[in-house]
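Number of protein chains: 2
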Amino acid sequence: MRLYTYFRSSAAYRVRIALNLKGIVAEQVPVHLMKDGGRQRMPAYLAKNPQALVPALELDDGTVLTQSIAIIEYLDQLKPEPRLVPDDPVLAAKVRGVALAIACDTHPLNNLRVLNYLKGPFGRSQADVDAWYRHWVLEGGLQAVERLITGAPFCFGAGPTLADVILIPQVANARRFDVPIDHLPKILAADAACTAIEAFARAHPSRQPDAE
Amino acid sequence: MRLYTYFRSSAAYRVRIALNLKGIVAEQVPVHLMKDGGRQRMPAYLAKNPQALVPALELDDGTVLTQSIAIIEYLDQLKPEPRLVPDDPVLAAKVRGVALAIACDTHPLNNLRVLNYLKGPFGRSQADVDAWYRHWVLEGGLQAVERLITGAPFCFGAGPTLADVILIPQVANARRFDVPIDHLPKILAADAACTAIEAFARAHPSRQPDAE
Chain R
131 MRLYTYFRSS AAYRVRIALN LKGIVAEQVP VHLMKDGGRQ RMPAYLAKNP
181 QALVPALELD DGTVLTQSIA IIEYLDQLKP EPRLVPDDPV LAAKVRGVAL
231 AIACDTHPLN NLRVLNYLKG PFGRSQADVD AWYRHWVLEG GLQAVERLIT
281 GAPFCFGAGP TLADVILIPQ VANARRFDVP IDHLPKILAA DAACTAIEAF
331 ARAHPSRQPD AE
Chain X
131 MRLYTYFRSS AAYRVRIALN LKGIVAEQVP VHLMKDGGRQ RMPAYLAKNP
181 QALVPALELD DGTVLTQSIA IIEYLDQLKP EPRLVPDDPV LAAKVRGVAL
231 AIACDTHPLN NLRVLNYLKG PFGRSQADVD AWYRHWVLEG GLQAVERLIT
281 GAPFCFGAGP TLADVILIPQ VANARRFDVP IDHLPKILAA DAACTAIEAF
331 ARAHPSRQPD AE
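Sequence lines, in order, name chains R and X. With the first sequence counted from 1, adding 130 to any position gets you the working numbering. With the second sequence counted from 1, adding 130 to any position gets you the working numbering.
One chain only, chain R, in its complex shape (with noise of 0.2 Å):
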């Protein structure tokens, strides 16, 4: 398996997490958002992924699958242990309501190509794009997410899930961008649960090997 990766893309950090959850070694392809206007947008890139995002998985027929969440349900199948989504309907439907709030109703909108619009053809300035991101990160963001878990320390109870693995790299995100998330506990104490799993922590920004 292939998995292409840019080390600062939140989507590319969920993957990592759910292969080193998984024990699943996959080929780290880095794909440098920035650099040449942007890698992503050439043409062998766009031919595995038409819609110039980060993350891909490439399996070994050649077949490439696209989508954090889509890609992280299929690990999920191809080894079930430790499971991310539950087994129980009404269960795996809560883990997938907190997994979608961030991955569908936050993080899109703060997405680089969002910002570069709102600084390119918008002409904002950088303080009115931190209060954009700032805005959707905690207004039916993470402020949301912190009424939706029930669980303890993880967002659903002792181990880490699905919603797990999408909350802690918008929790990066939200510290490296200095949005305040210290009334929100719950997101606190899972994202330090999480932090103390390796598997977690290799999959940091930092510690990839294309981070610069």
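Please keep in mind that the hints were generated in silico from the structure rather than gathered at the bench. Computed from a predicted model, the values in this text were never measured in an experiment. One or more hints might be untrue.
If several chains are the same, the list does not tell them apart, and a pair holds so long as it fits within one copy or across any two.
[What the hints assert, rightly or not] Below, computed lysine-lysine pairings styled on DSBU-like, alpha-carbon distance capped at 35 Å:
1. Lys178 x Lys152
2. Lys165 x Lys178
3. Lys209 x Lys316
4. Lys209 x Lys249
5. Lys165 x Lys152
6. Lys152 x Lys249
Start from chain R and add chain X according to the hints.
This is chain X only, laid out in the frame that chain R set:
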């Protein structure tokens, strides 16, 4: 079951399609997103969905599920036929990949709350907001989806899957906002195939009890 919905919400539209395909009857409870400053922000609704978004599905025991894709995956487990996420793990990943390309990378950028932020705090004109809308629907959105679809007439073959359930409301939005999609023949074919099915047609915003 109760579905908290709004006729124009494309996330609620997705769940309405899935319920119809499965033949599951849920009581529809309209939540008007524009009246009274947005009824989704009233305490009674926030207690059900702290994200202040529709849809939410309330089960008979009072459990509330949020996030349209999490709800549809739940319905797919509850009543497996017709199957919306295929059993084959690779095909499932491709189906989820298309669904998430729309749900994560297209729709959230064009949500009502985001357009309101652009018009309010950022003070952009309607023309600027329309350009933003068209950009995200096409760029990395439907143009990429066109290349990720591998079947016909539906996205992945002879019957609708989760990919079609998420695609069709996005196509309806594109049409409503005059986004040109005539150059996307596979999407047009899937849309035509789905529109011919009563479960899809009956879920259309114009046919909801709360339509205006």
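Hint numbers the structure violates, sorted upward? 4, 6
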